[in-house]
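Next come the chains, spelled out residue by residue.
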Amino acid sequence: MSPAASPRAAPSSPRIVLRRLSKYFERFTALDRLDLAIGPGEFVVVLGRNGAGKTTLLRVLALLQQPSEGELLFDDRPADKLEPAFRRRLGFVGHETFLYDELTAEENLLFHARLHGLARARERVAEVLAEMGLESRAQSLARTLSRGLKQRLTLARAWLHQPDLLLLDEPATGLDAPTRERMHAWLAGCHRQGRTVVLSSHDLRESLQPATRILLLEDGRLVFDGPNTPDSQRDVQARLQGGRA
Amino acid sequence: MTSDTGRVTLAVFRKDLLAERRTKEVFTAVLLFGFTVSVAFTFAFEPTSAEARKISGGLLWLAFLFAAVLGLNRAFARETSNQALQGLRLIPADLGGIYLGKLASNLLFLLLAEIVLLPPFGVFFDLTLWARPGWLLLILLLGTWGLAALGTMFSAVSANTRMQELMLPLLLLPLTVPVLIAAIESTVILLEGRPMSEAALWLKLLTGFDIVFTLLCWLLFDFVVQE
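Chains A and B supply the protein sequences, listed in that same order.
First residue of the first sequence: 66, per the numbering used here; consecutive thereafter.
First residue of the second sequence: 397, per the numbering used here; consecutive thereafter.
Bound conformation, chain A alone:
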């Protein structure tokens, strides 16, 4: 896995601002008055225990869920006022694969390439399959792929249109250790190209390597926001293990 040199190798990632942003599901508060700014080209890791609000935050940023209160701005424009074309700048990997089991790996990617209106869709699909090490499984039905291979195909789907902003919700799920390392190296490559990466995880050790910034969520509240330094890691580790720094 390595982000291939491409015509869109110099992206302009959007500046993201959240102001007093909350998200409720009936009486449950998933996100609680978040104030946050993510600048272009940052690599942010969102940490937190299960149910802390990581997935909701990622889905709100991917425009798949609307905030209940507060504001979400991309380049100073409210998210609900953005044109559909803006979604071209987003790539999202969630808990579900968004794949069609009855289509092959190549057909799944080709479908998404067409939806995104990519020129030379077949060539681009072949490129991405090679980047993710899936060339030999291109003609395999998605339902026959292992969990790890499906996750690589999901990453390929999100990366197909070379988005400026990658939103990844626990992307290492189902990947073995070598593939996880390759994925982190690939993400670091995306980051070096100037893309913004926001990645969620509940595992401190596995996710911090390429990150520049750490966020920690607890019960939907942002309780830590700092650079990825050894001190920050210690603080976050302590909080995740139940104590308070």
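Mixed in with the good hints there might be a few duds.
Claimed, not checked - Residues from chain B shown here face chain A by an in silico Cβ test under 10 Å; the list is partial:
(1) Leu406
(2) Leu414
(3) Arg418
(4) Thr419
(5) Gly483
(6) Pro488
(7) Pro516
(8) Gly518
(9) Asp522
(10) Gln560
(11) Glu561
(12) Met563
Unchecked claim - Covered stretches of chain A (chain B as the covering partner; in silico rule of three or more C-beta atoms under 8 Å from a C-beta of chain B):
(13) 147 to 153
(14) 156 to 162
(15) 167 to 181
Stated by the list, open to error - Across the chosen pairs, the derived CB separations fall in these ranges:
(16) A:Gln204 to B:Ser399: 22 to 32 Å
(17) B:Gly402 to A:Gln302: 51 to 61 Å
(18) B:Gly530 to A:Ser211: 47 to 57 Å
(19) A:Gly116 to B:Thr557: 22 to 32 Å
(20) A:Ala203 to B:Val573: 46 to 56 Å
(21) A:Gly254 to B:Pro574: 50 to 60 Å
(22) B:Trp531 to A:Gly135: 58 to 68 Å
(23) A:Ala203 to B:Ala473: 35 to 45 Å
Please keep in mind that the hints were generated in silico from the structure rather than gathered at the bench.
Don't be surprised by glycine CBs; every beta carbon is placed ideally from N, CA and C.
Take the given structure of chain A and dock chain B to it, following the hints.
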């Protein structure tokens, strides 16, 4: 309609054709269910009586309707498996194109199944169905388009509910009454060999219904698939 909408429509249509060619789940469900209902009607009514022939238009469309509900229930099942519909919400285009693509594929699958069902139905009820094939195909197209236009929309609505299988008929059946009445009346006029000018009003009603509800569903689809 923008070129983005056209591109998305075509992509969804091609994807559905490919998936259906591989699984045949919608076509097979519609065909088997439609055939079973036709056989049941044959035994429930005396098929050679003049009375039965008069109601055969109604029976034909009831068989199509029940079969269509079954097929349309499957139409969005593909999109809910692995939450693929969420993935479609990430595309950089108006989401109405997804509706148009699904409508086109549903219409094609239902029409194909109906065309296969017609000959046995004609034999069971001793009907001369193909005396005026152009008119028959027009009635089939307009009636099925109406069912598919609303069915595709409500299939998307019910896909997001817990009682998916029950919700579609509850939403669809009351609203398709005008389509059913117009399609049945037109079919009866055709089967009785009366001049098709008598069916003009019904065919205009079907065309109007199809256009209005297709446009309405296309415009509203974006809201339906939102969170």
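Status of the given 58 to 68 Å range, CB of A:Gly135 versus CB of B:Trp531: holds (59 Å)
Cβ-Cβ distance between B:Gly530 and A:Ser211: within 47 to 57 Å? For B:Gly530 and A:Ser211 the Cβ distance comes to about 53 Å; the hint holds.
Identify whether the interface hint at B:Pro516 stands, where standing means a beta carbon of chain A within less than 10 Å of its own. violated (29 Å)
Taking 50 to 60 Å as the hint, is the beta-carbon distance of A:Gly254 and B:Pro574 inside that range? holds (58 Å)
With respect to the beta-carbon atoms only, verify the hint that B:Gly402 and A:Gln302 lie 51 to 61 Å apart. Given a distance of about 52 Å, which is inside 51 to 61 Å, the answer is holds.
Has the region 147 to 153 of chain A got at least three residues whose CB is nearer than 8 Å to a CB belonging to chain B? The restraint on the region 147 to 153 of chain A holds, since 5 of its residues have a Cβ under 8 Å from chain B and three suffice.
Restraint satisfaction for B:Thr419 [CB to CB of chain A, less than 10 Å]: holds (5 Å)
Can we keep the B:Pro488 interface hint, with Cβ of chain A closer than 10 Å? holds (4 Å)
For the hint on B:Gly483, just tell me whether its beta-carbon gets within less than 10 Å of chain A. For B:Gly483, the interface hint holds, since the closest Cβ of chain A sits about 3 Å away, which is under 10 Å.
Just to be careful: measuring from the Cβ of B:Asp522 to every Cβ in chain A, is the smallest value less than 10 Å? violated (41 Å)
Please verify that hint: B:Gly518, Cβ, nearest Cβ of chain A, below 10 Å or not. Nearest chain A Cβ about 34 Å off; hint violated.
Taking a Cβ-Cβ distance under 8 Å as contact, does the region 156 to 162 of chain A have three or more residues in contact with chain B? With 4 residues close enough to chain B, the hint holds.
Of the hints listed earlier, those the structure fails to meet are numbers 7, 8, 9, 10, 11, 12 and 23, in rising order.
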